[in-house]
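Trainee: So the sequences go chain by chain: A and B.
Okay, so the first sequence: first residue is 1 according to the UniProt record's numbering, each after it adds one.
Okay, so the second sequence: first residue is 1 according to the UniProt record's numbering, each after it adds one.
Treat the hints with care, since some could be wrong.
Unchecked claim - So the derived label-pair ranges between C-beta atoms look like this: (1) A:221 x B:141: 47 to 55 angstroms; (2) A:77 x B:180: 32 to 40 angstroms; (3) A:131 x B:24: 50 to 58 angstroms; (4) B:147 x A:77: 56 to 64 angstroms; (5) A:47 x B:82: 52 to 60 angstroms; (6) B:193 x A:87: 51 to 59 angstroms; (7) A:146 x B:148: 46 to 54 angstroms; (8) B:53 x A:193: 22 to 30 angstroms; (9) A:29 x B:25: 56 to 64 angstroms; (10) B:32 x A:125: 43 to 51 angstroms; (11) A:225 x B:125: 21 to 29 angstroms; (12) A:155 x B:24: 24 to 32 angstroms; (13) A:208 x B:9: 51 to 59 angstroms; (14) B:48 x A:77: 56 to 64 angstroms.
What the hints contain is simulated information worked out from the structure, not anything from laboratory work.
In this text, all values refer to a predicted model and were calculated from it rather than measured experimentally.
Every residue gets a Cβ at the ideal spot worked out from N, C-alpha and C, and that includes glycine.
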Amino acid sequence: MNWQLMWDSLPRMIGGLSLTLQLIVGSLALGALVAFGVALLRLSGNRVVETLAAAYVFVFRGTPLLVQIFLVYYGLGQFEFIRDSILWPFLREPYWCAILALTLNTGAYTSEVLRGAILSVPQGQVEAARACGMSRALAFRRIVLPVAIRQMLPAYGNEVILMVKATSLASTITLMEVTGIARRMIAQTFAVFELFIVAGAIYLVLNFIATRLIKFAEWRLTPYLRARA
Amino acid sequence: MLELLSFGPNGWGGQLLMGTAMTVAVAVSAFAFGILVGSLGASAKLSHSMALNVVADIYTTVVRGIPELLVIYLLFFGGSSVATSIAAAFGYDGRVDLNAFTIGVLAVGLISGAYSTEVIRGAVQSVPFGQIEAARACGMSRWLILRRVLVPQTLRFALPGLGNVWQLTLKDTALVSVTALAELMRVTHLAAGATRQPFLFYGTAAVLYLLLTTVSTALFNRAEISANRGVRRA
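Just chain A, same shape as in the assembly:
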């Protein structure tokens, strides 16, 4: 075991951490927006819209993320109207392609989690809110959504961990995040196990922090459980 090499590789790996974090935070934030929209569409009551939203979820959950990334990065550039559009400066960049693919992927999974959580809100609570004179929108904003978000947190925690790991696939489209740097250094030094341990440890720490954050959010959102204990 070459400890010196492991120690020396740390600064370079940490250098890739910023890109990894950008991909995680960016795609989770945008993915949450997509998920919110899609979950609402799936519950809209309009058959056509519901089928379209369900098809989106079906496709993105049923195919490997790598296919989705390649489809966006290599596939979209094939069409002339995309190359001529104002989006091309973004879609030309592997960075934005990775964010787009990760966003669409996590959006599909999260929308299912959110949909389940919204459906789990007891009907009586909505009725009570309506009886108090709240409009449908107000009841959704003040009653259904807060309860649903609290409900979905454990399942969403799993999705966050999956996304932390999924950002490593950005290395396949030339992005130099932690996995990309690890791969390049392995090819240069052939110190497979040392570099694997350093890179793996970085991801374990990231996932540890992510699970703590979700736990903290859960703790903050369930004050009624604390008071009793």
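Dock chain B against chain A, hints included.
Mentor: Frame of chain A; chain B shown alone:
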């Protein structure tokens, strides 16, 4: 454009089909290997040995916490040297080279095994202990109890979870394409590069993967129905 997907001399249909077959082969072997690893991991977690508990815990935590791609790189770049040193320990002094298929199955199987461990552990724990006691009272030996009581019931409880693990495993095989094994993703990549029709080919790959996941979901549902045939529904 569609003739590119045909089975003729100018089409990639035959190669895509071979790639799909290879993907299924890798996924099935890795899933089976994963269930083997998962059964060992679950028995380690349920054993009374502190050392086995810790080892199994480290295995599941680490493998589930780091990216799948890193695990595949680890075996791709490091698998042969480990195999060589293991062979050296048994008195063979030559280089052992693992082929891409073996590396893919080992890597995806180890990932799959970490998830299977948790599923199988949960399933074993949901078999009521009274049934084991009853079997013992009837005079069954440990192996007979395992074969006639524990395993069939565990399978019933584990099937939904194993269905999820299968989906993960099937999709993880796409990552094995970085080792240049000619599975669906790799063939698609080559075809997309050669024909300059990336959208067509990656789209086709997406459809093929969807087909595989849909068909296997249906198969798992049938298996669940047949495993639960003796159970009265609530």
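Trainee: If a hint holds in the structure, say so; if it doesn't, say that too.
Mentor: Structure-based check of all given hints:
Taken as a hint, the range 47 to 55 angstroms holds for the pair residue 221 (chain A) and residue 141 (chain B), whose Cβ atoms sit roughly 51 angstroms apart. Hint check: residue 77 (chain A) to residue 180 (chain B), Cβ distance near 24 angstroms, so the stated range 32 to 40 angstroms is violated. Checked against the hint of 50 to 58 angstroms, the pair residue 131 (chain A) and residue 24 (chain B) passes, with Cβ atoms roughly 56 angstroms apart. In this structure the hint that residue 147 (chain B) and residue 77 (chain A) lie 56 to 64 angstroms apart at CB holds, the actual value being about 57 angstroms.
Distance hint for residue 47 (chain A) and residue 82 (chain B): a CB-CB separation of about 56 angstroms, consistent with the stated range 52 to 60 angstroms. The hinted window of 51 to 59 angstroms between residue 193 (chain B) and residue 87 (chain A) is violated, with their beta carbons roughly 24 angstroms apart. Separation of residue 146 (chain A) from residue 148 (chain B) is about 50 angstroms and conforms to the stated range, judged on CB atoms against 46 to 54 angstroms. Checked against the hint of 22 to 30 angstroms, the C-beta distance between residue 53 (chain B) and residue 193 (chain A) comes to roughly 25 angstroms, which is consistent with it.
Against the hinted window of 56 to 64 angstroms, the Cβ-Cβ separation of residue 29 (chain A) and residue 25 (chain B) comes to about 39 angstroms, which falls outside the hint. Taking the beta carbon of each, residue 32 (chain B) and residue 125 (chain A) are about 47 angstroms apart, inside 43 to 51 angstroms as hinted. Distance hint check for residue 225 (chain A) and residue 125 (chain B): the Cβ-Cβ separation is about 25 angstroms, which falls inside the suggested range of 21 to 29 angstroms. Remark: the range hint 24 to 32 angstroms for residue 155 (chain A) to residue 24 (chain B) is upheld by a beta-carbon distance near 30 angstroms.
Roughly 54 angstroms separates the CB atoms of residue 208 (chain A) and residue 9 (chain B), a value that falls within the hinted 51 to 59 angstroms. For the hinted restraint 56 to 64 angstroms between residue 48 (chain B) and residue 77 (chain A), the CB-CB distance of approximately 59 angstroms keeps it satisfied.
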